Amino acid sequence: MDSSAVSLGEFGFWSERTPVHKAASTGQVEKLQFLVDSGASVNAATANNITPLHDACLQDHPECVRVLLNAGAQVDVRTIHGSTPLCHACAAGSVESVRLLLDHGASVNPSLTALTASPLHEACIRGNQECVKLIISKGALLEAFDIHFGTPLHIACSKAHLECALQLLNAGARVNATNFHETALHHAGRVGREDLIELLVEFGGDINVRDNLGRKPIDYTTPGSTSHICLQHYESCPLSLQQLSRITLRRVLGTRALQVITKLDISQRIISYLCYKKNS
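Per UniProt numbering, residue 1 is the first one in the sequence shown, and the count goes up by one each step.
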């Protein structure tokens, strides 16, 4: 190996990369366009099957993404770890790159491997609610299951991304989905976020469910903390019939909930309540 090569972890070494890789990774749009116009390959891959498009997406250079896609870059090419350019764009929180890739036919639900998460998982890890919203609108699977993280809702809660969790729940994500018997509420208890706990409970989160260690969500909170007090409150004060009715209706409607509820011939106040509007 060339002693001047710079290690980039899973991305191999700079010495393996072409000038197109380097221009895409560093955001040199004019140089990239010159290379493309000169006939340089936009689909050249490193030993780890990293293409210039992967680089441009991960480094959040949407104009480079545009140049590469217009020049015929393969939109769903995968690294040796299974990541597509869309996975990288979501990991970078680049809404513009995500939109460009989707417009060019990128798969929103590439098959999962033991080494990679879905684009929706990556967006939830990043906590970019605009990416999450866009990916969901294009048909991302809400229950895509990663062997490490579980569902996208699990990862959104473990990273304490409240707005991403709300996007997922409003879209119909199952609040009590489990990963090793652990639910999103276990994660919310672990990160100590009272607002996240309240959100999950309002959507039907089970405060009494036990994980594979026999622990409930409250067992992951610090005694005396606001999150601990919040869960104690829910244990002693069950949800009202009104709240339970909303949860049941939303569960039955699933991913169609918002579409159906907003068309019901009922008062706007009730519609707002059923849609979990903050001013309801």
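FYI, nobody ran anything at the bench for these hints, they're computed from the structure.
This structure is a prediction, so every number in the text was calculated from the model and none was measured.
Note that beta-carbon positions come from the ideal geometry of N, C-alpha and C, so glycine has one too.
Among the hints, a few may not be true.
Unchecked claim - Here are the computed lysine-lysine pairs in the BS3-like style, where the Cα-Cα straight-line distance is at most 30 Å:
no.: 1; residue 1: 277; residue 2: 133
no.: 2; residue 1: 277; residue 2: 216
no.: 3; residue 1: 216; residue 2: 22
no.: 4; residue 1: 133; residue 2: 31
no.: 5; residue 1: 277; residue 2: 263
no.: 6; residue 1: 31; residue 2: 159
no.: 7; residue 1: 159; residue 2: 133
Claimed, not checked - The calculated label-pair distances, taken between Cβ atoms and stated as ranges, are:
no.: 8; residue 1: 77; residue 2: 259; range: 26 to 36 Å
no.: 9; residue 1: 19; residue 2: 74; range: 13 to 23 Å
no.: 10; residue 1: 143; residue 2: 195; range: 45 to 55 Å
no.: 11; residue 1: 115; residue 2: 241; range: 27 to 37 Å
no.: 12; residue 1: 105; residue 2: 270; range: 36 to 46 Å
no.: 13; residue 1: 213; residue 2: 269; range: 40 to 50 Å
no.: 14; residue 1: 271; residue 2: 241; range: 13 to 23 Å
no.: 15; residue 1: 145; residue 2: 80; range: 15 to 25 Å
Now the hints, each set against the structure:
For the given pair, residue 277 sits about 17 Å from residue 133 by alpha-carbon distance, which is consistent with the 30 Å threshold. About 28 Å separates the Cα atoms of residue 277 and residue 216, which keeps this hinted pair within 30 Å; it holds. This hinted pair does not check out: residue 216 and residue 22 have alpha carbons roughly 49 Å apart, beyond 30 Å. With a C-alpha separation of about 33 Å, the suggested pairing of residue 133 with residue 31 is violated against the 30 Å cut-off.
For the hint pairing residue 277 with residue 263, the CA-to-CA distance comes to about 16 Å; that is within 30 Å, so the pair holds. Restraint check for residue 31 and residue 159: the C-alpha separation of about 38 Å exceeds 30 Å, so the hint is violated. Only pairs whose Cα atoms come within 30 Å are accepted, and residue 159 paired with residue 133 is accepted, the gap being roughly 17 Å. Look at residue 77 against residue 259: about 34 Å separates their beta carbons, and that is inside 26 to 36 Å.
Taking 13 to 23 Å as the suggested C-beta distance range, the pair residue 19 and residue 74 conforms, at roughly 19 Å. Distance hint check: the CB atoms of residue 143 and residue 195 are about 24 Å apart, inconsistent with the given range 45 to 55 Å. Taken as a hint, the range 27 to 37 Å is violated for the pair residue 115 and residue 241, whose Cβ atoms sit roughly 47 Å apart. The hint said 36 to 46 Å for the Cβ distance between residue 105 and residue 270, and at roughly 41 Å that hint holds.
Residue 213 and residue 269 have their C-beta atoms about 43 Å apart, which keeps the hinted 40 to 50 Å range intact. Taking the beta carbon of each, residue 271 and residue 241 are about 19 Å apart, inside 13 to 23 Å as hinted. Between residue 145 and residue 80 the beta carbon distance is about 22 Å. The supplied range of 15 to 25 Å therefore holds.
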